[in-house]
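S.K.: Whenever a hint applies, use it, and build me the whole structure from the sequences.
If you read the protein sequences in the order shown, they are chains A and B. The opening position of the first sequence corresponds to residue 0 in numbering that gives the first Met the number 0, with each subsequent residue numbered one higher. The opening position of the second sequence corresponds to residue 0 in numbering that gives the first Met the number 0, with each subsequent residue numbered one higher.
Bear in mind the hints are in silico, worked out from the structure with no lab data behind them. Worth double-checking, as some hints may not be accurate.
[What the hints assert, rightly or not] Derived pair list, reagent style PhoX-like, types lysine-lysine, alpha-carbon separation capped at 20 Å:
1) A:K258 <-> B:K163
2) B:K209 <-> B:K179
3) B:K234 <-> B:K175
4) B:K209 <-> B:K150
5) A:K259 <-> B:K209
6) A:K115 <-> A:K139
7) B:K105 <-> B:K115
8) A:K277 <-> B:K105
9) B:K277 <-> A:K259
10) B:K258 <-> A:K259
11) B:K209 <-> A:K277
12) A:K258 <-> B:K258
13) B:K234 <-> B:K179
[Said to hold, decoys possible] Covered by chain B, per the in silico footprint, the following chain A stretches (three or more residues, Cβ under 8 Å):
14) 38 to 52
15) 70 to 81
16) 91 to 99
17) 115 to 124
18) 250 to 258
19) 264 to 273
As the structure is a prediction and not an experimental result, all values here were calculated from the model. Where a beta carbon is used, it is the ideal one built from N, C-alpha and C, also for glycine.
Protein chains: 2
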Amino acid sequence: MESKNLTIQDVAKRANVSVATVSRVINNSSLVREATRSKVLEVIETLGYSPNFLGRDLRRDQTMRILLLTPSLIWPIMLDLFRGIDDAAQRHGYSVIAAPTTNSKKKEQELIAMLKNRFVDGLIVIGSTLSPQELDDLGKQYSLVQCSEWKETKYTSIVSIDDKKAGYDAISYLIKSGHKRIAMIGSKNSGSALLRLQGYQEAIAKAGLKFDESLVKFGDFTYEDGLCLTKDLLKLEDKPTAIFCINDVVAVGCVNALKKNGIRVPDEVAVVGFDDTKEALMSIPEITTIAQPKYELGYRTFELLINQMNQEGSNYQNITLEHNLILRGSTVNIDIKE
Amino acid sequence: MESKNLTIQDVAKRANVSVATVSRVINNSSLVREATRSKVLEVIETLGYSPNFLGRDLRRDQTMRILLLTPSLIWPIMLDLFRGIDDAAQRHGYSVIAAPTTNSKKKEQELIAMLKNRFVDGLIVIGSTLSPQELDDLGKQYSLVQCSEWKETKYTSIVSIDDKKAGYDAISYLIKSGHKRIAMIGSKNSGSALLRLQGYQEAIAKAGLKFDESLVKFGDFTYEDGLCLTKDLLKLEDKPTAIFCINDVVAVGCVNALKKNGIRVPDEVAVVGFDDTKEALMSIPEITTIAQPKYELGYRTFELLINQMNQEGSNYQNITLEHNLILRGSTVNIDIKE
DNA sequence: TTGAAAGCGCTACCAA
DNA sequence: TTGGTAGCGCTTTCAA
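M.R.: Here is the structure:
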């Protein structure tokens, strides 16, 4: 199974040149005679030689690799986030590797060790169990940017939308549509979710409606939570006429719970989701949602990160991108084209 | 941003011991006096030293890391597959890192380079654009196992279910339920999908039904394909009474298309999905599906991989695990508990 | 139980 | 345009 473990020495010997020259060829140095270059390349080809990056990276003290740290890689928003990060990275010659922590402290530490142990040059964090203090400690010593799902820190850069305003906008829209009894299915396990709740409360207050705690439920971003918590809401004396869900998957659960109870969407109850992921389209009716500029969030995150990696001095920035509301059948009666 | 770049030398100096001793402490060698050990550990703590793994791995010619190569990390089956791989890896002291190729040849080559460049010790491939020949070339030289979504090769190990039999079982079940006009929404972009189609054909043949090409549609595993291709099926003169979908997401699209056309599921048309992912539950009715033992597939895959990494000689195995059919509302009228 | 030192594969400096 | 070589940080053998 072990490959032949060829080294730059083997190539040099075979090509009758020095290792320095081989190294130059590998790294596309311009100061190699064309004839020499092609000879070396030919030997590399024949031998099937691949340079050992451990040696290279050790010598250069740089890996051109970054790590994406996140509880789950299968989050619906992850695809576009990753594409944004990866495209930006590619542009600068960096590779992105990823690993899910599944919210395990141990796993998280193990991955952060990859940063400390010089296996990657920088870290992008999209949600973690790390405390703001821990994030700050890391941020002070290493290159680190938080993206989308973040915690308040002094020493890390952050790229995200304005979650509070997003919550505010969602609720304001529902209020404008005539709703007075608006529920929310949120989560306590996420900074962003809590901010969206603040937005909810502000919008309610501003409209002169009274805040009713029983209209706010907390779950964990899953379809099942959407299903169950909606059922809970339906048990209330004074039922909501609109429900704001923390993401689209929850919103699909919400819509399905309503339908199972014979409640018409959007006529009797309107539903708003979040993220504009493909799940928002997997329901009948489709889900009105707040869209995050996921690709751009990712792209800008890498740009901030490479800034930090290249700079000596510290330079922490917060970048806020615009969200927007996408209207679909779960809040408005739209003609369905078939 | 740069951390202080402490080395084992710094620790040695500060602790008044040799680097060899520090190394022994780091690696939990038993031949260090307890007093020495604690002194060294204290210095490590004070300084905040983390060993540079590039140096270590270069020296050891081993990284204790493997790479998971797959077109998309957000595939619904990926979560359990990854957990299985990761748990097995953890058990052996290995880390798993992942990267999506998004079916880009270039990205794929870049990631495979990580293997060739000694950045990881082994590779797990869950779907790729690599030809059997390319896979064989890699398999001959490096440690490589295919999992779940695979191609026929001589020189790689494979862990998967028997996809042909799975297709056969799904269709046989529908035939036993009385269906005679059975459609399939498959895909041409996947070996497993093609095998399931073979199973479909065999079951049809065995039951003495005639194979009707117009009942077989090809898409790309997406919700939209489920939606559109089902619409196509409904345009047929002689409509199907059952539809077998290549995965659960497609099946949800299928069910929704049927509902939008006023067709009752399962009374008028029955639907079967594949994979038993969470999407199968996100539909009304829930989707009858073929479950793969995803976690175990992942677990066994790593076990095969570590075998190869530890062995000198070649040792290619095919492991086939059992699938099973899960009955839900899309094929049977089940009392829905509320 | 500890230390000295060679060397993993590579890059990049200096000299030619 | 090329070669010689020091040294990146670490482990591990050998000797003490």
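S.K.: Determine for every hint whether it applies to the structure shown.
M.R.: Now the hints, each set against the structure:
| no. | hint | result |
| --- | --- | --- |
| 1 | A:K258 <-> B:K163 | 37 Å, violated |
| 2 | B:K209 <-> B:K179 | 9 Å, holds |
| 3 | B:K234 <-> B:K175 | 26 Å, violated |
| 4 | B:K209 <-> B:K150 | 29 Å, violated |
| 5 | A:K259 <-> B:K209 | 39 Å, violated |
| 6 | A:K115 <-> A:K139 | 12 Å, holds |
| 7 | B:K105 <-> B:K115 | 15 Å, holds |
| 8 | A:K277 <-> B:K105 | 26 Å, violated |
| 9 | B:K277 <-> A:K259 | 18 Å, holds |
| 10 | B:K258 <-> A:K259 | 15 Å, holds |
| 11 | B:K209 <-> A:K277 | 37 Å, violated |
| 12 | A:K258 <-> B:K258 | 13 Å, holds |
| 13 | B:K234 <-> B:K179 | 18 Å, holds |
| 14 | 38 to 52 | holds (count 5) |
| 15 | 70 to 81 | holds (count 8) |
| 16 | 91 to 99 | holds (count 6) |
| 17 | 115 to 124 | holds (count 4) |
| 18 | 250 to 258 | holds (count 4) |
| 19 | 264 to 273 | violated (count 0) |
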